[in-house]
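*Asks:* Sequence:
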Amino acid sequence: MSRLRNGLFALVGGAALCTALLHGLDWANRAYPPPLEQAKEVSREVVDADGRLLRPFATSEGLWRLQTTASDVDPQFVRMLIAYEDQRFYEHKGVDPFALLRAAGQFVGNGRIVSGASTLSMQVARLIEPRENRSVLAKIRQIARALQIERRLTKAEILDLYLTHAPYGGNLEGVRAASLAYFGKEPRRLSIAESALLVALPQLPERRRPDRFPKEAEAARARVLARLAVSTVIGEGEAERASAEGVPGRRLQLPALAPHLSELALRKDPGRPRHETTIKRDIQQALETVARDAAARLGEKLSVAMVMADARTGAIVGEVGSADYFDATRAGWIDMTRQVRSPGSALKPFIYGLAFEEGLVAQETIVEDRPADFFGYRPRNFDMSYQGDVSVREALQLSLNVPAVRLLDAVGPTRLMVRLRRADVRLALPAGEAPGLAIGLGGAGIRLRDLVQLYAALANQGSIVRLGDGVEAAPEVVVGDPLLDPVAAWNVSDVLSAVLPPRGSRRLGIAYKTGTSYGYRDAWSVGYDGRHVLGVWVGRADNAAVPGLTGYGAAAPILFEAFSKSGVAITPLPKAPPGAVRIAQSELPIGLRRFARTDGGLVSATAREPAPQIVYPPEGAHVELGARSGSAIAPLALKLQGGRAPFRWLANGRMLPESFRRRTAEWVPDGAGYSTLTVIDAVGRAASVRVFVE
Numbered sequence: 001m002s003r004l005r006n007g008l009f010a011l012v013g014g015a016a017l018c019t020a021l022l023h024g025l026d027w028a029n030r031a032y033p034p035p036l037e038q039a040k041e042v043s044r045e046v047v048d049a050d051g052r053l054l055r056p057f058a059t060s061e062g063l064w065r066l067q068t069t070a071s072d073v074d075p076q077f078v079r080m081l082i083a084y085e086d087q088r089f090y091e092h093k094g095v096d097p098f099a100l101l102r103a104a105g106q107f108v109g110n111g112r113i114v115s116g117a118s119t120l121s122m123q124v125a126r127l128i129e130p131r132e133n134r135s136v137l138a139k140i141r142q143i144a145r146a147l148q149i150e151r152r153l154t155k156a157e158i159l160d161l162y163l164t165h166a167p168y169g170g171n172l173e174g175v176r177a178a179s180l181a182y183f184g185k186e187p188r189r190l191s192i193a194e195s196a197l198l199v200a201l202p203q204l205p206e207r208r209r210p211d212r213f214p215k216e217a218e219a220a221r222a223r224v225l226a227r228l229a230v231s232t233v234i235g236e237g238e239a240e241r242a243s244a245e246g247v248p249g250r251r252l253q254l255p256a257l258a259p260h261l262s263e264l265a266l267r268k269d270p271g272r273p274r275h276e277t278t279i280k281r282d283i284q285q286a287l288e289t290v291a292r293d294a295a296a297r298l299g300e301k302l303s304v305a306m307v308m309a310d311a312r313t314g315a316i317v318g319e320v321g322s323a324d325y326f327d328a329t330r331a332g333w334i335d336m337t338r339q340v341r342s343p344g345s346a347l348k349p350f351i352y353g354l355a356f357e358e359g360l361v362a363q364e365t366i367v368e369d370r371p372a373d374f375f376g377y378r379p380r381n382f383d384m385s386y387q388g389d390v391s392v393r394e395a396l397q398l399s400l401n402v403p404a405v406r407l408l409d410a411v412g413p414t415r416l417m418v419r420l421r422r423a424d425v426r427l428a429l430p431a432g433e434a435p436g437l438a439i440g441l442g443g444a445g446i447r448l449r450d451l452v453q454l455y456a457a458l459a460n461q462g463s464i465v466r467l468g469d470g471v472e473a474a475p476e477v478v479v480g481d482p483l484l485d486p487v488a489a490w491n492v493s494d495v496l497s498a499v500l501p502p503r504g505s506r507r508l509g510i511a512y513k514t515g516t517s518y519g520y521r522d523a524w525s526v527g528y529d530g531r532h533v534l535g536v537w538v539g540r541a542d543n544a545a546v547p548g549l550t551g552y553g554a555a556a557p558i559l560f561e562a563f564s565k566s567g568v569a570i571t572p573l574p575k576a577p578p579g580a581v582r583i584a585q586s587e588l589p590i591g592l593r594r595f596a597r598t599d600g601g602l603v604s605a606t607a608r609e610p611a612p613q614i615v616y617p618p619e620g621a622h623v624e625l626g627a628r629s630g631s632a633i634a635p636l637a638l639k640l641q642g643g644r645a646p647f648r649w650l651a652n653g654r655m656l657p658e659s660f661r662r663r664t665a666e667w668v669p670d671g672a673g674y675s676t677l678t679v680i681d682a683v684g685r686a687a688s689v690r691v692f693v694e
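Using the UniProt record's numbering, the first residue of the sequence shown is number 1, and each one after it goes up by one.
Calculated from the structure, these hints are not laboratory results. Treat each hint with caution, since some may be false.
[To be verified] Okay, derived cross-link-like pairs now, BS3-like style, lysine-lysine, Cα gap no bigger than 25 Å in a straight line:
1) Lys268 to Lys40
2) Lys155 to Lys139
3) Lys40 to Lys155
4) Lys93 to Lys139
5) Lys93 to Lys155
6) Lys40 to Lys215
7) Lys185 to Lys565
8) Lys93 to Lys40
9) Lys185 to Lys215
10) Lys139 to Lys268
Quick caveat, the model's predicted, so the values are computed rather than measured.
Assemble the whole structure, with the sequences as input and the hints as a guide.
*Replies:* Spelled out as structure tokens, the structure:
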């Protein structure tokens, strides 16, 4: 009976001791958790629209530790890693007892360590909590940590920690950083030889660095390929083929694309590990190469900036702030896409666009290019010569100054400023000055990004898109009033698309305009096709003059080269919208044959002809408005010159519902066929045209 009692006491005592031990271990597990939070620090990344790396930033310890998951790595690599390092990874709970027994037996039999028994979980424990020396106590602590980690994380999470923290020599940690540094590519498509090398390096990362010790690296790779478990994974004969490949002899720089945008992303949100942008990496890389090479050709201290955007969405797909971010002689750290500079003639297309929209001119309207005085302001052409009578089309293509100022005087500088504000672009005027005629020739400041945003509207048939790169702003298609009506935007694009490319450049099917600021400080060129718009700025970051620097000579060749090398397919410019026609000068209504102004400021064919004239649509015109397609009929723009407001319009004898003070209106026909349009001004003078609606 006493034996039974003693046995029961012993059993209860043992159970209590075990319970106490388990509670103690559980308390210790909670009281001294593994430093998993510390392991969360990784390199911050800036990525492109497709998630591809643009630029990583080192950790606070100066390490390149890129967040890596099994999905980021070639599956073959993961299989080889587990086969070589921890074959029972998915079965054990942090410690592999079979491996421990094997390692202990080999140590007793050989008097030295023949093979280790560290599981991937134990290696993760060592990586996140490095030990200073290899001792029995350190190994026991590593085992305890591995058990703790297994209780807290899934196998997939443990594997991801290893892939992120494994050492690869120098300040490289993780498979992604190593793959980029040694092979120049992401680890999603590693070859057998590359995978074997990356499996081998973490055991002795400094002594096996392929850029310093290629023979040791090759030997370590051979040992991985010779392991039976690895051979089973990769297949027969693959090891021999992989062994024949060389190892990389140098360490490559990690990507450092879009440096200005990347720095901005970090400043805006320093704590975010991953910053997404709208940039396309291939386009960005091509534009940076073009900018760097072009600056080298242009000379010292000159820089180049570029912005390329999708005109339909507003997404900035390439953004180059300077020719070389690290070139101090060019002040490369300054982002010139965001600096306010004088645009020269680059705003002229929007002056002409307003004149087209208001019905003041057509492409073949004659305008004078002669010396003129606008209340003391006397604009002169760039080459100090004058062309006499020219068509509006020629005046814009040749970028003549006097005709542009004549048209700006007619539409009004304030109206131009207000219209640009629709696109969220505000010109920077000298302090205390009101908008004047000089803004048409560069007498105001603008950023390259904003200038590209304006031209994006031209590529988008007048509709406004706000550019965004995902960091400073999000791209946005603006629903509301357009920058220009579609017909006016088409007229501008039709004119600019016929401008000859600069010498040495081939035609690309793009429309483009150049600009040169006063004093040869800034050279600009902006071009677009039916999908993309690209702006180029050339100059010095310190705003110093560069004699001979022009938009046509310096910026335009870069524009054409960058468009060609960007990799984007040229999209045809938009087709003519309903109501857009190019009419020969001899067939224009008399009010549109020559641009002139009366003493009272009214625009008319001659200074003595104030009666109203319908300038659009012209007499006998056939206008495509979709009337025969069965869909909704597009409105027809009505434009006139002369006369005295308000104006009353009649269509087929029926008066439109409202009167108009402006010289533009819209009319929606009832259907296809001939219609007669009449306008009557405030003093009863009338004009009529007959058109055919299709």
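*Asks:* When the hints from earlier in the document are held up against this structure, which numbers fail?
*Replies:* Violated hints: 6 and 10; rest satisfied.
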